[in-house]
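Going down the list, the protein sequences come from chains X and G. All residue numbers for the first sequence refer to our numbering, where the first residue is 1 and numbers rise by one. All residue numbers for the second sequence refer to our numbering, where the first residue is 1 and numbers rise by one.
One or more of the hints may lead you astray.
Here are the simulated distance ranges between beta carbons [to be verified]:
no., chain 1, residue 1, chain 2, residue 2, range
1, G, 66, X, 331, 56 to 66 Å
2, X, 320, G, 127, 26 to 36 Å
3, X, 341, G, 96, 52 to 62 Å
4, G, 87, X, 270, 23 to 33 Å
5, G, 85, X, 439, 50 to 60 Å
6, G, 87, X, 412, 51 to 61 Å
Listing some non-contacts, in silico: residues in chain G with all C-beta distances to chain X over 12 Å [unchecked claim]:
no., residue
7, 35
8, 36
9, 44
10, 60
11, 61
12, 64
13, 72
14, 79
15, 82
16, 109
17, 124
18, 136
Think of the hints as simulated: they come from the structure by calculation, not from any bench. The structure displayed is predicted, hence computed values, not measured ones. Each residue gets a CB set at the ideal place from its N, CA and C atoms; glycine is no exception.
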Amino acid sequence: MIGELGQLALCFALALSLVMAGAGLAGARTEAALARNIAHGATMGMLVFVILAFGTLTYAFVTSDFSIADVANNSHTLKPLVYKITGVWANHEGSMLLWVLVLSLYAGAVAMLGRGGERLTSAALGIQGLLASAFILFILFTSNPFLRIDPAPFEGAGLNPLLQDPGLAMHPPMLYAGYVGLSASFSYAAAALIVGEEGWARAARPFMLLAWIALTCGIALGSWWAYYELGWGGFWFWDPVENASLMPWLVATALLHSALATEKSGAFRTWTLLLAIGGFSLSLIGTFLVRSGVLSSVHAFASDPTRGFFIMVLIVCAIGGALGLFAWRAPHLQGGASFNTASRETALLLNNVFLVASCASVFVGTLYPLALDALNGTKISVGPPYYAATFAPIFFALLLLVPFGPLLGWRRGDVKAAMRTLYPALGLAAVAALAVLAIASPRFLTGALAFAVAGWLLGASAIDMAKRKGARASAFAAALAHAGLAVTLMGVTATTLWRSEALDLVGPGDTMTVGPYTLRFDGVTQEQGPNYQAMRAHIALMDGARVSAMLTPEKRLYPAEGQETADTAIHTTGFRDLYLALGDERSAGHWTVRAYVSPLAPFIWLGALVMALGGALSLWGRLRLRVSAPAAAPQPAE
Amino acid sequence: MRRSLKRAAFLFLLLAAPALGGLSLPVRAAPVPDSFSDPAMEARARHLQRQLRCLVCQGESIDESGADLAADLRHLVRQQMADGKSDQQIEDYLVARYGNFILMKPPVEPDTYVLWLAPFLVLIGAGAVAILVISRARKSAGEL
């Protein structure tokens, strides 16, 4: 019965989302106060029913109700409780339900906060309602998680063991909070085009920030998971699935900057609207790429096109509709701000130029091979060397310019004065480059350059913070986020250029060396996990004759799923990771062990965390500002 | 599925290395069954292996892949290196046999002009629009 309850809840949610769409859009007219109230009520009602549907599915997973196909295909009674719960979204159907849940939560927040006035809020809810109804239809018709199977199997098929991991458990909700969170900016932008409201950028800013923070954390979590789970010590693979999340991040970052200019000086009004539409469009395209099966092969998509076709139609309607609205209404918006060449507006505009171009690199790199294969059957590979030649130089140029933005005034800035202020940062850049050339071996010019830029960014952030001493906390948001970029840059560079690697065949008592470290292999024991058997290697990190740490990489066999995974062991000092993965047993007691020493590897994700904290500071400032002084609030010094 | 996707070739994330596609990495020679004792040769082999795609895997280079085909291709690369062939000759040989699909870095040819030029065309286009916007804004601001 539980399955039918969930399905019924989803049907009610669909009906309410249609009411929301109709009433919300009708409420864009000044006199339609009743429609606005209905839209508000329908939004909250839809949220309740979507939560109910999601809760129902979660209940079915927790209780291992194998009469529901989705549960039978993706769960198992022996799975630990936490992975029964995360199993809800670790499959196609459940993850689409999570998609709709996140969309509904954002819609609820838009309704509750009511930012930007009644008419704007109402129209935004209308657009959210349209999106929600389309995706609920998609779930009901092509991806219903509540379908029954008869007879119900006695045991489920289990969940891919790679996904039974705390990092990956949190990755999808976080990523979706970002991905789908961009729908709020999209809806506000479309609403602004309908209503003709000026203040939408300000109204939508908390949602933009929240989505950006979540997306940053979600991407970092995914990268961290790949690092420790896959056993290769890699952290980014330029894989289409990763690219699908990177593209919205790049555009969302551009949007945050452009919207700031729109809000503070009225510049780039139409451009900011276009970015809000573009950011969510890329989220939709990413969903299509990941969910349609088109990535594994163009032909896999063609053999079962229902899902892919549905999303494609949805994308065409959403993006086409939004762009049509834009083409129709945007020319009526007042444009043409005035600012000097040397101004923060110019800096923000350049930020956008480089971010959009770097996004274009990821976009063609991801989609062009698919398009070429579909067009004339030619197969090409677009791997990391392509991004090193296109994405990297464009993004590098952007990083060089970052420090100027916060130091230039709105409308009229002084580049020479900014440069004078930045001299210490230039000094720090030189010191960083020389230090890298002196310490790191072998010497890489690129490494020195990258550390120079990191020093430049960190120095500039410190200077910016010093200048704002005593200001409210949110004033430090940009400096913090930019410092995070520098931290990530150092981690990526050091790990990529100076990683040591060893692959040895070792027996009990044997030693191996990796980088400056000596490891002693003490043999392998068999362990029993809750739903897996593990071969656990005991490897001592030696400090002379003393054991300074024990590492226990494992190889796990999950009998229910019939899959093996490697559980890596990582010993970190914060400044370098010693990373071990257990390979195969080649002869009795002799195992292959893969070892890496990755300098500054933790910085990669630490930097992302710092960026997210910067975003959080800004968000906190925004929300506090509204609570304390709604009317004549002073502009936060961002 | 996720695993094979994720294990796609990685090492060349040169966020900090503009336009330096061919840069050898300081990776220690791993004592795989067939390895060169000369570190320079081994480094060359590893570099070359990262440029070649494992054809039966999803986005992995033959350097990382555990597939049999990848092992065969690694052996073939090392064999040809030992025979004194240049990197270019080895790549040409493999492309003749398997097509461009084997190259992680797609060649620049009519089929891939769009791929290679698009990012920079967008950069130039966006830059041109930016200049236009700025010149309008400064006129309206009265800056000379």
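Checklist line | Hints violated by the structure (listed by number, smallest first) | finding: Numbers 4, 5, 7, 10, 11, 12, 16, 17, 18, in rising order.
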